[in-house]
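Number of protein chains: 2
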Amino acid sequence: MKYEEYRRYMQQTMDLGSAVALLSWDKEVYMPPKSIRFRAQQIATLSAMAHNRFTDTSFGESLKKLKDEQTLTESQRRNITLTIEDFEKEKKLPSSFVEELSRTTAEANHHWALARQENAYHQFSPHLKKLIQLKRDEAEMRGYADKPYDALLDIYEPGCTTQFLDSLFGNALPQIIQLIQKIKGYEQISNDFLYTAYPTDNQWQLGIQLLKNMGYDFDYGRQDISAHPFTISFSPEDVRVTTRVDENDFSNMTWSCIHEGGHALYEQGLPAEEYGLPLGTSASLGIHESQSRLWENHVGRSMAYWTYWFPLLKEKFTSQLREQDSKSFYHAINRIAPNLIRTEADELHYHIHVIIRFEIEKALINDQIDVSGLNDFWNEKYKEYMGIDVPDDTNGILQDVHWSHGSFGYFPTYSLGSFYAAQFYAKAVSDMPNLETEIQQGKTNALLNWLRSNVHQYGRKYLPNELCKKVTGEGLNVDYFLKYANEKFLDIYC
Amino acid sequence: MKYEEYRRYMQQTMDLGSAVALLSWDKEVYMPPKSIRFRAQQIATLSAMAHNRFTDTSFGESLKKLKDEQTLTESQRRNITLTIEDFEKEKKLPSSFVEELSRTTAEANHHWALARQENAYHQFSPHLKKLIQLKRDEAEMRGYADKPYDALLDIYEPGCTTQFLDSLFGNALPQIIQLIQKIKGYEQISNDFLYTAYPTDNQWQLGIQLLKNMGYDFDYGRQDISAHPFTISFSPEDVRVTTRVDENDFSNMTWSCIHEGGHALYEQGLPAEEYGLPLGTSASLGIHESQSRLWENHVGRSMAYWTYWFPLLKEKFTSQLREQDSKSFYHAINRIAPNLIRTEADELHYHIHVIIRFEIEKALINDQIDVSGLNDFWNEKYKEYMGIDVPDDTNGILQDVHWSHGSFGYFPTYSLGSFYAAQFYAKAVSDMPNLETEIQQGKTNALLNWLRSNVHQYGRKYLPNELCKKVTGEGLNVDYFLKYANEKFLDIYC
Numbered sequence: 001m002k003y004e005e006y007r008r009y010m011q012q013t014m015d016l017g018s019a020v021a022l023l024s025w026d027k028e029v030y031m032p033p034k035s036i037r038f039r040a041q042q043i044a045t046l047s048a049m050a051h052n053r054f055t056d057t058s059f060g061e062s063l064k065k066l067k068d069e070q071t072l073t074e075s076q077r078r079n080i081t082l083t084i085e086d087f088e089k090e091k092k093l094p095s096s097f098v099e100e101l102s103r104t105t106a107e108a109n110h111h112w113a114l115a116r117q118e119n120a121y122h123q124f125s126p127h128l129k130k131l132i133q134l135k136r137d138e139a140e141m142r143g144y145a146d147k148p149y150d151a152l153l154d155i156y157e158p159g160c161t162t163q164f165l166d167s168l169f170g171n172a173l174p175q176i177i178q179l180i181q182k183i184k185g186y187e188q189i190s191n192d193f194l195y196t197a198y199p200t201d202n203q204w205q206l207g208i209q210l211l212k213n214m215g216y217d218f219d220y221g222r223q224d225i226s227a228h229p230f231t232i233s234f235s236p237e238d239v240r241v242t243t244r245v246d247e248n249d250f251s252n253m254t255w256s257c258i259h260e261g262g263h264a265l266y267e268q269g270l271p272a273e274e275y276g277l278p279l280g281t282s283a284s285l286g287i288h289e290s291q292s293r294l295w296e297n298h299v300g301r302s303m304a305y306w307t308y309w310f311p312l313l314k315e316k317f318t319s320q321l322r323e324q325d326s327k328s329f330y331h332a333i334n335r336i337a338p339n340l341i342r343t344e345a346d347e348l349h350y351h352i353h354v355i356i357r358f359e360i361e362k363a364l365i366n367d368q369i370d371v372s373g374l375n376d377f378w379n380e381k382y383k384e385y386m387g388i389d390v391p392d393d394t395n396g397i398l399q400d401v402h403w404s405h406g407s408f409g410y411f412p413t414y415s416l417g418s419f420y421a422a423q424f425y426a427k428a429v430s431d432m433p434n435l436e437t438e439i440q441q442g443k444t445n446a447l448l449n450w451l452r453s454n455v456h457q458y459g460r461k462y463l464p465n466e467l468c469k470k471v472t473g474e475g476l477n478v479d480y481f482l483k484y485a486n487e488k489f490l491d492i493y494c
Numbered sequence: 495m496k497y498e499e500y501r502r503y504m505q506q507t508m509d510l511g512s513a514v515a516l517l518s519w520d521k522e523v524y525m526p527p528k529s530i531r532f533r534a535q536q537i538a539t540l541s542a543m544a545h546n547r548f549t550d551t552s553f554g555e556s557l558k559k560l561k562d563e564q565t566l567t568e569s570q571r572r573n574i575t576l577t578i579e580d581f582e583k584e585k586k587l588p589s590s591f592v593e594e595l596s597r598t599t600a601e602a603n604h605h606w607a608l609a610r611q612e613n614a615y616h617q618f619s620p621h622l623k624k625l626i627q628l629k630r631d632e633a634e635m636r637g638y639a640d641k642p643y644d645a646l647l648d649i650y651e652p653g654c655t656t657q658f659l660d661s662l663f664g665n666a667l668p669q670i671i672q673l674i675q676k677i678k679g680y681e682q683i684s685n686d687f688l689y690t691a692y693p694t695d696n697q698w699q700l701g702i703q704l705l706k707n708m709g710y711d712f713d714y715g716r717q718d719i720s721a722h723p724f725t726i727s728f729s730p731e732d733v734r735v736t737t738r739v740d741e742n743d744f745s746n747m748t749w750s751c752i753h754e755g756g757h758a759l760y761e762q763g764l765p766a767e768e769y770g771l772p773l774g775t776s777a778s779l780g781i782h783e784s785q786s787r788l789w790e791n792h793v794g795r796s797m798a799y800w801t802y803w804f805p806l807l808k809e810k811f812t813s814q815l816r817e818q819d820s821k822s823f824y825h826a827i828n829r830i831a832p833n834l835i836r837t838e839a840d841e842l843h844y845h846i847h848v849i850i851r852f853e854i855e856k857a858l859i860n861d862q863i864d865v866s867g868l869n870d871f872w873n874e875k876y877k878e879y880m881g882i883d884v885p886d887d888t889n890g891i892l893q894d895v896h897w898s899h900g901s902f903g904y905f906p907t908y909s910l911g912s913f914y915a916a917q918f919y920a921k922a923v924s925d926m927p928n929l930e931t932e933i934q935q936g937k938t939n940a941l942l943n944w945l946r947s948n949v950h951q952y953g954r955k956y957l958p959n960e961l962c963k964k965v966t967g968e969g970l971n972v973d974y975f976l977k978y979a980n981e982k983f984l985d986i987y988c
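Quick note, the sequences are listed as chains A and B, same order. No gaps in the numbering here: position 114 of the first sequence is 114 in my numbering, and each next residue is one more. No gaps in the numbering here: position 479 of the second sequence is 973 in my numbering, and each next residue is one more.
Check the hints yourself; a few may be wrong.
Claimed, not checked - Derived pair list, reagent style DSS-like, types lysine-lysine, alpha-carbon separation capped at 25 Å:
1) B/Lys521 <-> A/Lys27
2) A/Lys212 <-> B/Lys528
3) B/Lys921 <-> B/Lys955
4) B/Lys955 <-> A/Lys27
5) B/Lys521 <-> A/Lys34
6) B/Lys821 <-> A/Lys27
7) B/Lys808 <-> B/Lys676
8) B/Lys937 <-> B/Lys676
9) A/Lys212 <-> B/Lys982
10) A/Lys182 <-> A/Lys34
11) B/Lys810 <-> B/Lys821
12) A/Lys34 <-> B/Lys821
13) B/Lys678 <-> B/Lys808
Hint data in this document are derived by calculation from the structure and do not stem from the laboratory. Because the structure is a prediction, the values reported are computed rather than measured.
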């Protein structure tokens with residue numbers, strides 16, 4: 001096999017993956033209400049075809065021979081190395097196991113949705129139990145140096161371990177809680193005006209305007225409505241975002257647009273010539289989330305950003321914002337308060353939501369705790385870390401879809417993303433002292449160019465922590481986030 | 495291979511085909527403007543995968559063994575027989591040929607679009623020449639009993655031949671021309687009011703209403719906007735239609751909705767348990783077109799239909815229809831006049847457009863006439879049969895996309911569809927004497943049920959002409975169409 005043949009084979013496998021992505025996008029966005037039966041089958045068939053192609057034994061053998069080819073460029077060699085790693089990992093899971101996991105997940109997801117509707121965790125827990133057993137089996141098959149949970153973390157964040165997260169979160173959590181306590185000493189900000197009626201058409205237009213201004217290219221993308229916002233890529237030349245619009249909640253759409261826009265800029269910035277190859281994909285979920293969080297929080301919740309945008313906003317929503325100025329608006333969108341739902345959390349409480357999930361996952365996978373009383377365990381953690389009472393399972397343990405999808409080890413990447421974002425953004429500001437002034441003028445193209453050349457263009461070339469070192473000179477350091485958070489929120493509240 | 499394995503294999507191949515269909519639908523409906531590069535590649539890859547799966551040698555051998563299985567039901571046996579026939583046909587074209595044809599077609603289509611824009615047939619003709627050579631080669635590979643063109647006709651209409659069409663059109667054309675001549679003796683109908691401003695939102699709502707009323711099930715389908723209306727199926731439980739809305743042309747959307755609705759009802763009525771198998775697909779393009787034409791013309795352009803709908807229409811478009819009643823409206827939408835563009839033709843001239851294309855295709859494939867002066871040949875035919883001067887290539891030989899797609903032998907199925915429609919509808923009326931009265935009351939469910947049980951449920955079980963015999967007691971007989979046309983249009987004009 002020549003490199004060109006390898007590339008073609010990988011691209012064709014990706015073509016199957018892209019078709020699965022389109023089948024999934026359509027399912028969330030435009031599929032008729034009762035068309036799920038054959039659609040589910042189509043997604044399953046094409047996913048299995050892609051998996052079978054990728055784990056084909058003769059492909060694996062050719063890969064190993066290709067590795068010794070002397071004429072490969074550095075990038076080509078990196079692609080081969082990563083493909084061999086992926087091949088070895090995928091090969092560890094027998095097809096029968098993949099199928100069982102897929103079947104169990106489909107059932108669990110169905111029963112999670114029902115249990116959530118009925119507000120009854122005990123309806124979901126037998127399915128969760130089965131899933132966790134399978135995920136423990138998966139961890140054993142994948143292998144790990146220290147803890148079984150590490151094998152699952154590695155799926156989403158290559159190189160991430162229980163030990164690393166214990167140390168990271170162990171350091172961050174008390175400092176976040178301490179900052180929250182300090183803030184509690186000051187007068188609470190009112191943000192009621194964000195929850196008055198904002199006409200949905202105007203919101204939608206604003207979202208499109210914000211995306212365009214960020215540099216999201218509508219020639220190679222589009223935005224549609226879905227129940228839960230997401231970003232999906234069918235190629236670096238077709239990257240789509242979705243959002244939702246709630247007439248009575250201005251924040252719902254606005255920051256989801258900016259967040260998904262951040263994800264989409266990363267996907268649109270991946271090298272098109274590496275389509276289907278490791279260097280054409282993102283470094284990790286954590287790095288992906290760093291891009292969405294950087295835009296959402298460091299740009300989209302900054303005073304500089306709304307210095308430019310607030311006057312335009314006020315033209316669009318004159319009556320709603322009559323009594324506000326850019327500063328009061330900036331304060332309102334950065335209000336800190338404990339809450340029940342992760343996806344609605346502020347920048348500080350968000351990490352407490354994640355850490356609670358991390359602690360539960362770790363206990364489930366490493367310590368094999370029982371799932372039957374897990375909702376009580378959940379509720380105790382919320383009381384302990386946030387001081388709030390969880391009223392029911394729907395607003396507690398059943399709020400997130402992830403576990404019903406078999407995704408354990410996914411949640412921590414959300415916090416990793418924020419921490420990477422703070423560290424990257426600090427470097428961007430130090431590289432471009434003018435950045436804040438430019439943002440005040442509605443210009444973010446220098447920032448986008450910086451992200452393109454420091455992060456996007458590399459795809460999966462570097463491991464997440466290596467990439468972080470390359471960009472910022474050091475590995476992930478949560479102090480950047482803590483410094484940012486302390487300065488920002490104490491400035492707002494004091 | 496057991497029947498169940500065969501079924502699974504076929505379904506998975508269809509899953510690939512359905513993904514190709516979704517990739518194509520999205521391309522026409524929602525794909526961002528510059529995303530074509532990877533999309534084209536994805537469609538090509540998955541199409542080739544489906545073709546390779548279907549023509550796999552060991553699958554072919556298993557098929558032949560399965561045929562001798564004693565326990566098969568009649569339907570199962572029919573599926574196997576048809577699959578073996580398809581397999582043998584597909585096998586005749588080597589992959590290298592399929593690829594060359596696909597490449598040449600892509601180029602030809604690109605140059606057709608440019609030539610059409612520039613109004614310059616000579617820019618397209620070298621590509622057309624290459625394509626025709628390939629299609630002649632294809633005809634030789636596929637094989638035929640009499641004429642090479644027969645091999646191409648058979649792709650779209652199994653069993654159809656040059657000889658059959660010569661006789662059919664040779665009989666129909668003079669009678670259609672004679673009827674047109676008669677009509678010319680009467681006062682022409684004015685239809686100017688159809689080309690005043692009809693707000694597009696209202697038109698869209700009307701289209702949805704008409705589709706629902708026909709029985710098109712939006713739980714298993716949807717309508718979107720595209721440049722050219724089409725129907726596409728991803729499964730019998732996800733059948734979509736598209737339309738276009740022109741504010742200044744009421745007919746543009748209305749009858750395209752009814753036409754595509756007719757196609758879609760057929761697809762929604764195919765047996766879901768036969769998904770991926772021959773019995774789960776339509777009998778032929780001609781039979782497919784019979785369903786769209788039956789709804790478009792026999793229902794949607796009938797006095798009975800508008801007896802019910804016109805008063806509702808007048809509520810929606812009061813000012814536009816102020817001076818009309820249901821009868822004047824019925825006359826206007828059935829105005830007969832020669833015209834340049836096939837897709838805008840009336841029910842009579844439509845067949846002249848088709849017959850001209852048939853004569854040219856026949857000459858190109860069977861008699862190997864030269865393509866360089868084909869536009870003159872085209873223009874002469876329009877002068878001879880319709881008495882009109884074609885002003886330029888864009889409104890002449892370059893108007894249709896079909897040839898640039900390599901589709902030769904496709905056009906005749908449009909007329910076959912109309913002729914089948916007239917014959918089926920005559921039988922439906924004789925089976926259900928109340929039908930017209932019901933249509934006057936806005937009820938078409940009896941008609942749909944009749945089509946479901948007489949046509950849709952069988953899928954590809956019968957050859958088109960066999961199906962026609964089964965439904966009506968005789969093979970295709972153009973007299974039904976001629977009788978219908980004479981009665982309808984002489985009644986309108988006299």
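*Violated hints - listed by number, lowest first*: 4, 6, 7, 8, 9, 10, 12 and 13
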